[in-house]
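Peer 1: Listed below, chain by chain, are the residues.
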Amino acid sequence: MVDVLSPLKPVWKPGTHGNTANGIGVVLTETQPGSIVQLAAWQGQEKKLLAAIKAVSALALPDGAGGGKSGDSKAAFGIAPGKFLIVDQNEGLAAIFSGAVTSEVGTVTDLSHGRTALRISGPKAEWVLAKFFAVDFALPAFPVGSGIATLHHDIFAHIQRTGAEQFDLYVFRSFARSFWTMLCHASEEVGYEVS
Amino acid sequence: MLISCPYCGPRDLSEFTYQGDGNRTRPDPASTDQQAWNAYVYDRVNTAGDHHEIWQHSGGCRAHLMVTRNTLTHKVSAVAFARDAGHRKSDRHRMSGGAA
Numbered sequence: 001m002v003d004v005l006s007p008l009k010p011v012w013k014p015g016t017h018g019n020t021a022n023g024i025g026v027v028l029t030e031t032q033p034g035s036i037v038q039l040a041a042w043q044g045q046e047k048k049l050l051a052a053i054k055a056v057s058a059l060a061l062p063d064g065a066g067g068g069k070s071g072d073s074k075a076a077f078g079i080a081p082g083k084f085l086i087v088d089q090n091e092g093l094a095a096i097f098s099g100a101v102t103s104e105v106g107t108v109t110d111l112s113h114g115r116t117a118l119r120i121s122g123p124k125a126e127w128v129l130a131k132f133f134a135v136d137f138a139l140p141a142f143p144v145g146s147g148i149a150t151l152h153h154d155i156f157a158h159i160q161r162t163g164a165e166q167f168d169l170y171v172f173r174s175f176a177r178s179f180w181t182m183l184c185h186a187s188e189e190v191g192y193e194v195s
Numbered sequence: 001m002l003i004s005c006p007y008c009g010p011r012d013l014s015e016f017t018y019q020g021d022g023n024r025t026r027p028d029p030a031s032t033d034q035q036a037w038n039a040y041v042y043d044r045v046n047t048a049g050d051h052h053e054i055w056q057h058s059g060g061c062r063a064h065l066m067v068t069r070n071t072l073t074h075k076v077s078a079v080a081f082a083r084d085a086g087h088r089k090s091d092r093h094r095m096s097g098g099a100a
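Just so you know, the protein sequences line up as chains A and B, in that order.
Read in our numbering, the first sequence has 42 at position 42, and its numbers run on one by one without any break.
Read in our numbering, the second sequence has 86 at position 86, and its numbers run on one by one without any break.
In short, the hints are calculated from the structure, not lab data.
Check the hints yourself; a few may be wrong.
Unchecked claim - With beta-carbon atoms standing in for the labels, derived distance ranges:
| id | chain 1 | residue 1 | chain 2 | residue 2 | range |
| --- | --- | --- | --- | --- | --- |
| 1 | B | G49 | A | P10 | 53 to 61 Å |
| 2 | B | S31 | A | V11 | 53 to 61 Å |
| 3 | B | Y18 | A | D72 | 41 to 49 Å |
| 4 | B | N38 | A | S6 | 54 to 62 Å |
| 5 | A | T29 | B | Y40 | 47 to 55 Å |
Said to hold, decoys possible - Under 10 Å between C-beta atoms, here's a sample of chain A residues computed to sit facing chain B:
| id | residue |
| --- | --- |
| 6 | Q43 |
| 7 | L59 |
| 8 | P62 |
| 9 | A65 |
| 10 | I79 |
| 11 | V135 |
| 12 | L151 |
Nothing here was measured: the structure is a model prediction, and the numbers come from that model.
We treat Cβ as the ideally placed atom computed from N, Cα and C, and that holds for glycine.
Could you put together the complete structure from these sequences and hints?
Peer 2: Given below as structure tokens:
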């Protein structure tokens, strides 16, 4: 496999930064999945698409707005009516889905090179994200596994909660470096670690 | 102003794009009725009160929505997916070819 190049490389500064007087508030990292795929079902075909997702990724998604699941190497969540984002640490997921999702059921779009996946975790993750997005990040409103689509100004972001104190963010690759820089600035007051 | 998207829940106005008056009736594309097209393009009810509007949740699920918004208070009283609501035939729409 060829080396994965990160758009964050020029601003990537591993280590601890900011105000760490009260410990590390958040850990910021890039998850570098091999595959990011968007699936869309034609109206009325949503159940068949959910079945295809289960067959390919072994993730049984709950039927409902923003419902999702995340495992060690795979994650999936709803981003719009009949639309889902599926992520795999391995490459080649789009090709597999192209076989499993027929043209009668819906469409498969490979976004692997178009998105950058960032992870924010730690006790202050909700606090830091709330500075960017006008969305309720509290656990009852945003349960583990579920996902949303939202905006930070013109930077479109898909966000999945992958743990009680952990969120994975998918932003356009061309915006990733500036968004990452903002994420670092927003994390300074709580102390952050890049790893 | 908050709009409660049927999929995403309550979201800030900045995530939405206004797509126009929801009271208009688009003439048959094959129609050459100039008055009907004129009414579609130019005539507006200019409601003071509850107003039917089409919005897109462009900064979220990207669905097109039928929104009922009060033009005096900005209170949003109803939101539905446009694809489910279908075309709303408003009885307040001006009749083509006649006086308003």
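Peer 1: All the hints need checking, so say for each whether the structure fits it.
Peer 2: Against the structure, the hints come out as follows:
1. B:G49 with A:P10: 53 to 61 Å: holds (54 Å)
2. B:S31 with A:V11: 53 to 61 Å: holds (57 Å)
3. B:Y18 with A:D72: 41 to 49 Å: Given range 41 to 49 Å: holds, Cβ gap about 43 Å.
4. B:N38 with A:S6: 54 to 62 Å: holds (56 Å)
5. A:T29 with B:Y40: 47 to 55 Å: holds (53 Å)
6. Q43: This hint holds: Q43 (chain A) lies near chain B, its Cβ roughly 7 Å from the closest one there, short of 10 Å.
7. L59: Since the shortest Cβ distance to chain B is 20 Å, the answer is violated.
8. P62: violated (14 Å)
9. A65: holds (5 Å)
10. I79: holds (7 Å)
11. V135: The hint holds - V135 (chain A) has a Cβ within 10 Å of chain B, the shortest such distance being about 7 Å.
12. L151: holds (4 Å)
When each numbered hint is compared with the structure, violations occur for hints 7 and 8.
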